[in-house]
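Enquirer: Each chain is listed here by its residues.
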Amino acid sequence: MLWYLGRRLLQVIPVFLGATLLLYAMVFLRPGDPVSALGGERGLPEAVQEQIRAEYNLDQPFIVQYLLFLRGVVTLDFGVDFRGREITEVIASAFPVTIQLALMALAIEAILGIGFGLVAGMRKGGIFDGTALVVSLFFIAVPTFVVGFVMQIVVGVKLGWLPVTAGRDPDFVSLLMPAFVLAAVSFAYVLRLTRTSVAENLSADYVRTARARGLTRTQVTGRHVLRNSLIPVVTFLGADIGALMSGAIITEGIFNINGVGGTLYDAIIRGESVTVVSLTTVLVLVYIAANLLVDLLYAALDPRIRYA
Amino acid sequence: MTTQFPVTAGDDGRPAVDPNTPLLEIRDLQISFSTGAGDVHAVRGADLTVYPGQSVAIVGESGSGKSTTAAAIMDLLPGTGRVTGGTITFGGRELVGAPRREKEALRGREIGLVPQDPMSNLNPVWRIGTQVTEALKANGFKGSKADLRQRVADVLREAGLPDAERRARQYPHEFSGGMRQRALIGIGLASRPQLLIADEPTSALDVTVQRQILDHLGDMTRDLGTAVLFITHDLGLAAERAEHLVVMFKGQVVESGPAQQILADPQHPYTQRLVSSAPSLASRRIQTAHVSGQESAELHAHHAGEQPPASNEAVAVRNLTKVFQIRGARPGSSTDFKAVDDVSFTLGRGRTLALVGESGSGKSTAANMVLGLLEPTSGTVEFDGTDVATLNAKQAFAFRRRIQPVFQNPYGSLDPMFSIYRSIEEPLKLHGVGSKKDRENRVRELLDMVSLPQSAMRRFPNELSGGQRQRIAIARALALKPEVVVLDEAVSALDVLVQAQILDLLDTLQTDLGLSYLFITHDLAVVRQIADDVVVMQNGRVVEQATTDEVFDTPREQYTRDLLEAIPGAHLVG
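Protein chains in written order, with the UniProt record's numbering: chain H, 1 to 308; chain U, 1 to 574.
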């Protein structure tokens with residue numbers, strides 16, 4: 001087990017290097033000069049531009065810039081962005097709200113998706129199952145921003161149940177609607193995955209044998225159907241943590257949340273390579289951590305999986 | 001009753017057992033499954049009586065309704081199945097139409113089940129002990145945690161698992177097939193039911209294990225006074241283990257009576273066929289002009305042109321060894337596992353060599369090396385006098401034409417998306433044989449050879465029965481006119497009557513085409529019907545090698561004798 005963990009953690013290093021190099025190259029190759037764009041319509045004097053380039057090492061060759069970035073990572077000093085803010089501070093202010101949003105969405109899709117999926121799978125072919133399939137298809141087919149705007153109008157404006165936008169320093173209640181919107185597509189997938197998995201497990205031999213042992217329907221469902229059905233669902237949910245965080249960009253835009261999405265968008269527009277790469281690198285690390293977590297959870301759910 | 005298996009969970013107000021009142025009585029039972037195309041009547045008027053402590057076996061082939069009948073007793077019919085008529089009376093109570101709670105209360109407590117496949121009937125994610133515990137709790141076990149743990153260990157110990165406390169903490173995947181089946185037997189009998197339904201309890205196990213398990217099951221149920229209802233396709237096994245036989249055919253009971261009487265004097269034509277083709281009861285090699293088969297093999301080889309064969313050996317295997325590396329817990333700590341260890345044998349032209357052994361004996365690994373699907377670690381496979389390992393890519397491709405496989409599972413070895421025509425044509429196409437017209441003619445010819453109508457060409461595997469599919473697999477193997485066919489458990493998945501037909505077919509084909517067979521099987525009863533020579537393997541090594549008659553009449557090794565002993569019903573024919 002420890003061997004396995006150690007090996008997995010060592011794998012982070014090449015993934016980190018590869019991902020950052022790739023990201024850095026992409027931002028570097030982006031057309032246009034960020035510094036000359038800083039002055040807007042009138043432009044900055046050539047000497048000022050030169051000075052800024054030197055300050056941010058933008059006059060250095062690509063590989064030197066990248067190595068300087070790596071030094072920043074190791075010393076945890078990424079430098080400042082064009083507006084003079086510490087990049088570590090930018091990260092620290094952007095991530096908490098996005099993490100909260102992603103976790104809320106994850107909880108919503110897990111609870112609702114597994115709950116409805118279980119009922120649909122148990123009554124495969126029934127009315128509930130049919131409805132659940134149609135509704136989930138709807139969520140998969142309709143783009144996130146449509147769901148977002150419709151919910152804003154109906155739930156926020158017409159019914160007035162929840163705040164329309166979240167704004168700066170949002171609380172739990174004002175994040176509820178964005179979390180629902182963010183969770184919508186994944187909820188549909190979780191529901192379908194659970195349904196199929198449950199329906200399949202219901203006809204498994206060990207379920208029949210458990211019934212033959214005298215277990216009641218509830219006991220059989222809870223102990224033998226649900227746990228076995230969750231194995232593929234957990235894999236999906238884990239991989240989805242990362243997708244939710246990067247997918248939050250659209251949702252954050254709709255609900256005016258100052259999270260990773262908005263910050264990243266601004267940084268890309270301004271061509272601040274260090275900010276873009278730093279934020280994205282954190283996202284990559286979240287992905288890696290989430291995947292490791294899934295693999296460990298997998299072993300907890302299924303004793304046949306033993307990592308060595 | 002002896003005191004070996006104490007009755008601890010039984011005396012909670014059950015009706016007193018009267019040996020002359022039927023425990024289970026089924027009258028005119030009708031069961032249907034609704035499908036898109038209307039109702040399918042799986043059981044049509046079955047009658048069955050089991051007295052307390054009696055052992056009864058329902059015998060029939062797949063699709064006869066035997067398992068469906070058993071499932072109906074416990075209300076465990078799969079899918080859309082339902083009882084449409086008749087009565088099931090257990091201990092004086094009517095079960096058809098009884099409330100769900102009443103039937104749940106009956107399961108486990110009064111009727112236990114030992115299911116067919118030990119690999120799939122234990123939930124892989126719960127410890128064995130947990131699965132025993134829930135059976136005890138569901139059936140009214142009352143006592144402290146320590147009592148419960150003690151009882152769980154007792155249940156497993158009774159079922160013949162040594163070191164039961166430790167075993168209870170293990171997961172199913174840490175158990176062998178036989179151990180799992182013991183655990184399932186323990187669970188089935190844990191609450192001391194009056195009736196135990198054993199649905200093909202050992203058909204997935206090796207013969208020697210099968211025998212031990214059945215012996216143990218017999219001892220336990222006898223000591224506890226439990227009535228047993230066996231469900232089996234194996235007439236020999238049924239006759240050996242049950243006092244009373246019920247023969248089912250196409251959803252109906254065609255014959256029932258004392259086991260010995262049915263065996264000695266079957267009345268119904270179906271039972272007569274079943275008795276005459278039960279492999280465990282049959283005695284000698286199928287002899288359809290077998291000698292001429294060998295002559296025609298020589299002729300065939302001549303006609304095939306090229307040069308006359310250098311020897312009478314089609315395949316010669318010398319000192320074949322295969323070592324697999326098993327990855328250890330730490331990097332670099334792998335261990336070697338010798339799956340095949342210094343195995344030598346020769347397959348004579350036009351003859352059948354049976355490679356016999358239990359699972360893990362290395363017989364299939366050896367077969368895969370003969371087929372060239374697996375690289376030997378050391379040793380050689382010579383085909384027609386040439387070492388297969390020395391062939392270059394082009395020669396190896398040509399070599400594959402001359403040796404073809406037929407595998408065990410006809411459901412898995414045919415691509416469900418391919419029509420029968422496409423399945424049989426594929427090897428011809430791959431090897432660029434003839435024009436499209438030629439290939440179609442060849443497919444027709446092959447279907448004739450395996451006695452299937454030519455109209456089968458347009459159909460798909462899911463429309464065919466297991467026996468028909470295996471015929472297709474044989475036709476496909478013969479498409480390229482091979483000299484050697486490797487049959488890896490090719491008849492193990494088939495019902496006895498179908499099995500007998502396929503064995504006959506194989507024998508006829510051997511005679512007509514001069515084929516040599518390498519027959520891989522765990523079933524010695526089948527060996528006697530088809531093989532000329534036998535190689536017995538155990539743990540990767542050859543333990544005995546002789547002609548079939550020698551092996552059966554004068555086995556030299558203890559292991560071979562054990563295998564022969566373990567054939568169900570062997571002693572019934574004396």
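For the record, the hints were derived by calculation from the structure and aren't laboratory data.
A virtual CB, placed ideally from N, CA and C, is assigned to each residue, including glycine.
Any given hint could turn out to be false.
[Stated by the list, open to error] Here are the computed distance ranges between Cβ atoms for each label pair: (1) U:S144 with H:G126: 38 to 46 Å; (2) U:S465 with H:G126: 27 to 35 Å; (3) U:Q325 with H:E200: 44 to 52 Å; (4) U:V40 with H:L22: 53 to 61 Å; (5) U:T208 with H:I111: 46 to 54 Å.
Enquirer: Which hints from the list above does the structure break, by number from lowest to highest?
Expert: 3
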